[in-house]
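K.L.:
Starting from the known structure of chain A, fit chain B onto it as the hints suggest.
In the order they appear, the protein sequences are chains A and B. For the first sequence, the numbering used here gives the first residue as 1, with consecutive numbering after it. For the second sequence, the numbering used here gives the first residue as 1, with consecutive numbering after it.
In short, the hints are calculated from the structure, not lab data. It is possible that some hints are incorrect.
Unchecked claim - Calculated cross-link-like contacts (lysine to any residue; reagent style SDA-like; alpha-carbon spacing at most 20 Å):
#1 B:Lys182 with A:Glu539
#2 A:Lys271 with A:Ala261
#3 A:Lys134 with B:Ser175
#4 A:Lys535 with B:Val316
#5 B:Lys160 with A:Lys76
#6 B:Lys50 with A:Tyr438
#7 A:Lys457 with B:Ala43
#8 B:Lys52 with A:Thr187
#9 A:Lys476 with A:Ser455
#10 B:Lys81 with A:Val206
#11 A:Lys193 with B:Ser175
#12 A:Lys134 with B:Ala94
#13 A:Lys134 with B:Leu21
#14 B:Lys182 with A:Lys134
#15 B:Lys52 with A:Glu448
#16 A:Lys76 with A:Arg92
Said to hold, decoys possible - To list a few chain A residues with every Cβ distance to chain B over 10 Å, as calculated:
#17 Thr33
#18 Pro36
#19 His111
#20 Pro136
#21 Arg267
#22 Lys357
#23 Val406
#24 Glu448
#25 Ile520
#26 Tyr536
Ideal placement from N, C-alpha and C gives every residue a C-beta, glycine not left out.
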Amino acid sequence: MKSKTCFYCALILLSMFPACRKVPARDYSDRGTGAPVSGDIYVAASIGDASYLNPVLATDSSSGDINALVFNGLVKYNRDLKLVGDLAESWRVLEGGRKIIFKLRENVRWHDGQPFTAADVEFTYEKLIDPSVKTPYGSDYLLIQNLKVTGPYTVEVTYKQPFAPALESWSMGMLPKHLFSSGDFNTNPYNRKPVGTGPFKFREWVTDEKIVLDANPDYFEGKPYVSRYIYRIIPDQSVQFLEMRRESIDELGLTPDEWRAYPEFFRNYNKFRYPSFSYVYLGFNLRLPLFADKRFRQAVAFAIKKKDIIDGVLLGMGRSATGPFPPQSWAYDPGVKDTEYNPERSLKLLGELGYAKKDAEGYLEKDGRPLEFTVITNQGNKMRELTAEILQAQLKAVGIKVNIRVIEWSSFIHQFIDKRSFEAVLLGWSVSRDPDQYSIWNSSQTREGQYNFISYKNSEVDSLLDEGRRTFDQHKREAVYRRLHKIIADDLPYIFLYYPESLPCVHKRFKGVEVAPAGIGWNFYKWWVPGSEQKYTVE
Amino acid sequence: MRTYILKRLSYSIPILIGITLITFLVMHLAPGKPTEMLTDMNARVSADAKTKLAALYGLDKPWYVQYARWLGRFAVLDFGKSFRDGRPAVAKIAERLPASLLLNILSLLLILAAAVPIGIFSALHKDSIFDKATTVFVFIGFSVPAFWLALLFMILFGLKFGVLPISGLHSLDYSGMSVPGKLLDVASHLILPVFISAFTGLAGLSRYVRSSMLEVLRQDYIRTAYAKGLPENRIIFRHALKNALLPVVTILGLSLPALIGGGFIFETIFAYPGMGRLGYEAVMARDYPVVMAVGVIAAFLTLLGNLVADITYAWVDPRIRYK
Chain A
1 MKSKTCFYCA LILLSMFPAC RKVPARDYSD RGTGAPVSGD IYVAASIGDA SYLNPVLATD
61 SSSGDINALV FNGLVKYNRD LKLVGDLAES WRVLEGGRKI IFKLRENVRW HDGQPFTAAD
121 VEFTYEKLID PSVKTPYGSD YLLIQNLKVT GPYTVEVTYK QPFAPALESW SMGMLPKHLF
181 SSGDFNTNPY NRKPVGTGPF KFREWVTDEK IVLDANPDYF EGKPYVSRYI YRIIPDQSVQ
241 FLEMRRESID ELGLTPDEWR AYPEFFRNYN KFRYPSFSYV YLGFNLRLPL FADKRFRQAV
301 AFAIKKKDII DGVLLGMGRS ATGPFPPQSW AYDPGVKDTE YNPERSLKLL GELGYAKKDA
361 EGYLEKDGRP LEFTVITNQG NKMRELTAEI LQAQLKAVGI KVNIRVIEWS SFIHQFIDKR
421 SFEAVLLGWS VSRDPDQYSI WNSSQTREGQ YNFISYKNSE VDSLLDEGRR TFDQHKREAV
481 YRRLHKIIAD DLPYIFLYYP ESLPCVHKRF KGVEVAPAGI GWNFYKWWVP GSEQKYTVE
Chain B
1 MRTYILKRLS YSIPILIGIT LITFLVMHLA PGKPTEMLTD MNARVSADAK TKLAALYGLD
61 KPWYVQYARW LGRFAVLDFG KSFRDGRPAV AKIAERLPAS LLLNILSLLL ILAAAVPIGI
121 FSALHKDSIF DKATTVFVFI GFSVPAFWLA LLFMILFGLK FGVLPISGLH SLDYSGMSVP
181 GKLLDVASHL ILPVFISAFT GLAGLSRYVR SSMLEVLRQD YIRTAYAKGL PENRIIFRHA
241 LKNALLPVVT ILGLSLPALI GGGFIFETIF AYPGMGRLGY EAVMARDYPV VMAVGVIAAF
301 LTLLGNLVAD ITYAWVDPRI RYK
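Next comes chain B alone, as it looks inside the complex:
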């Protein structure tokens, strides 16, 4: 097991460096320098001033020199400072990370809580009304654009009923609230985003649970269990579910990067201070240090997620371990 993990880890390093190189290249292929995004077509800023700015940020050097410099700093885990406001890229990420984690973990929990029962029940009662209704329901969630649904819910709950705040994570008087008041405030701001992101993300997992449950229910040992006269609950939850959840573990491992990522459109609609907006705005402003830092963290988590999925899989399924 240990050699397996070590081997997997050592494969990851060249992949990670490769990802940074490609990210850097793509970033530099995009037209426009970071210093130009705000100063272009600003008659107050002369052409000479723009050249001076580019030199101050080291943007006058060829891309490979810039990449080598970046790699040198990255080796000592220095991600550099944002071109936009001069703050360390890591600090900017650390600021957004808790908000993103909060939203994504809550919505993942909600998805799990809904998807597993829906999946099991639909599999047990295949082709029933419930099965068909939930299929339609989860696919509506899958196909509906999240931002559109968000706007409708904002109008309904924010304006018509006036029971929920429309956007943001805190009320304006948040800092003056008591602790329970603060919790309630954040909770009320989270209801819409968590519900919508869970609803729109429900389809994948519930369909996985359903199909793997269906497969397991067709196995000989399940039939044997029925033949032995075991109670149905016991068969389903002890014998079938345990095996049916194996692929779900993989999916959860792969969703690790999504925990810190998050949709740009989604966060923009809810004025939610998360990573998705940070990454997108950095790309639009050609803020190379922040783009690279977000890219590296996303790549790292993807690799880590794959690794964790593989390891837990090996752990829960002895057949893989012994191969």
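For reference, chain A alone in the conformation it holds in the complex:
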């Protein structure tokens, strides 16, 4: 009798649960054709908390996300990845590129109401080159001979020599002189409650929980429609995904397998895909005789089927890479041919190099020694580990034995890369919008800690890199970098494997989201939610 009662109780309890099935399915079918209205909150998620809400000091991407909304540089990249004025209304390049004169916007105010002037630009520059300031970004600004304030809204920058990427370096967020001029810059309280000129004003920062920003009604390009921006810290990717399914976050960067998950998970989200500004490559230590021979590098390239890697590792969410510039960059030369998958040619080249006989395991050998090398990659990046395994199998097919070593990041850099004690390396580069890759390819950049760790040396590449830095004319620069693309692709110091894609999803109620060469988010302050679909109210 008693157990029967229990059973019925349990049954009743269970039947109550579906009753709390919240969230009535809402309809977000508004096509966003009406006039934009203000309101609602945008909730983004991040794996890590920010460190410094000060663009001069910040090195992590979380701080960068917030700083981009709170601060402005003198210039910025527009939707088509062209540099346009931001705080600078216009600029002129004089004396063959040695001098840049910025004309600043006149009625821009800091979030605390003070006017923005040329003195703030001068102040930010002084901090960037100040040896006591803990900034890692000084090097670009040390090329400046002097910076003169020639009027309240004009700044004249003179370089020691013409430096085309200099223009991009002025996208650095400008700091308010009146708040930073006293006290220690590195520990200034405004590093945690930033005052900028950007579309969003800082509201609060609850450490390890969230950062809250409010729309800036006085933003010089117009008040953002979204009233508030909340940056939630959710350190686990799978929990972020659950929060997205619960619609408690409005944006999420997906992994390829998440992107391919059940469509009903994304019922109220729009998914986007576009190439990110990065590539993954297999680099060779060119100091070693085996790799110094171009024919060997070609043989490896012919044995690699990039499509299998992209399908296997990225589930097709990427593109085969042909060189050091991503396809949406103006420096990318669409005429450069991708390496061909051709195992016969690979075997033929290896034969020319003296590797003809196969041993019992099927690996080629020369003078009794098997043809093998070790690929190292860093720990914690599953995609790279998988890529290495696919490469291993593909190269085995032509008789090259590949060993894989996965090494913890710090040891990877300091014991192996810096010491040049590696044979081949599987890594990726995130590249800047400006195509200057001097530090990666120039033969002078091979000291410990510098980035030409494969010791690539090509005098034509060196001179093209120099020319690219000296040339301000966009068309001439384009020709220089496209030539560079061609030469490097032909030389094969790296085998460029793939360009991964960014795979964000954004809640459907946000209208005005547009994919451009710059991705999404370039017009974030223009995103809006129709009144009937607004989810949160902001007092």
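P.N.:
Chain B only, in chain A's frame:
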């Protein structure tokens, strides 16, 4: 008693300094400098800029100089500033401490509330169905990975039923809520983490209570009590339980450091702003001042916990005091 406490305290100081030395050494043996963790392989940061940064943080000096400097500051209780965001290490810890205490005290209370009755009952009815079922139950809790269980519960209660929040400690509109609303909000965020951390931590304590209860029940004085014809409740709660709980006191003393610690994986899953994440992230970023501060506090609490356990033991058990 006082000399006993003083003696124990004076032993603790060299141990504490030894712990800081070892922590510091281990920290410096790990490859990579704090300034390099974010600037390595960043083509925007030149090698010279990295050297400059290292010098600004005093990382160009040999480790013993750095340790001596640290010890000098520690002597006046200055734990230095975090390398990551320039804030005092102590402030960063103070920020996380209440959240960690809240979660860990609640889960400890829940563990006590469940483990003691389970232990007593299993001991009284040894080898019964209840005993076997609870054994299986607590060991499931012990063996199941907390993060996996957390994800399953998040899917069940957060997505399928939609009754509980998935992660975090506060809702987004927390600051605009009334006081009861705030309490309810925090409570609903705490249900899953407290339940899961209690469930996964139940095994130890309940087994201790069970075995010490079993031992006590076999003692002569219990048999005497039964022979005198005392009511069973009185025998169990007055005579047996009092003695059986002695080892539990020790365990509780030793769990003092766990009150401020907390699992990194656990806090990461629940996006919970606690000490575990602070410590782990500091280690990964090679944020020496924060690592050292967390290390010192953990070491201090461990030593304190041992001391408290010993003293309460001496207090509740006269046999130890008189030895």
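K.L.:
All the hints need checking, so say for each whether the structure fits it.
P.N.:
Structure-based check of all given hints:
no.	hint	verdict
1	B:Lys182 with A:Glu539	holds (18 Å)
2	A:Lys271 with A:Ala261	holds (12 Å)
3	A:Lys134 with B:Ser175	violated (35 Å)
4	A:Lys535 with B:Val316	violated (59 Å)
5	B:Lys160 with A:Lys76	violated (44 Å)
6	B:Lys50 with A:Tyr438	holds (18 Å)
7	A:Lys457 with B:Ala43	holds (18 Å)
8	B:Lys52 with A:Thr187	holds (18 Å)
9	A:Lys476 with A:Ser455	violated (28 Å)
10	B:Lys81 with A:Val206	holds (19 Å)
11	A:Lys193 with B:Ser175	holds (18 Å)
12	A:Lys134 with B:Ala94	violated (25 Å)
13	A:Lys134 with B:Leu21	violated (28 Å)
14	B:Lys182 with A:Lys134	violated (40 Å)
15	B:Lys52 with A:Glu448	holds (15 Å)
16	A:Lys76 with A:Arg92	holds (16 Å)
17	Thr33	holds (29 Å)
18	Pro36	holds (23 Å)
19	His111	holds (20 Å)
20	Pro136	violated (4 Å)
21	Arg267	holds (13 Å)
22	Lys357	holds (40 Å)
23	Val406	holds (15 Å)
24	Glu448	violated (8 Å)
25	Ile520	holds (23 Å)
26	Tyr536	violated (8 Å)
In this structure, the earlier hints numbered 3, 4, 5, 9, 12, 13, 14, 20, 24 and 26 are contradicted, and the remaining ones agree with it.
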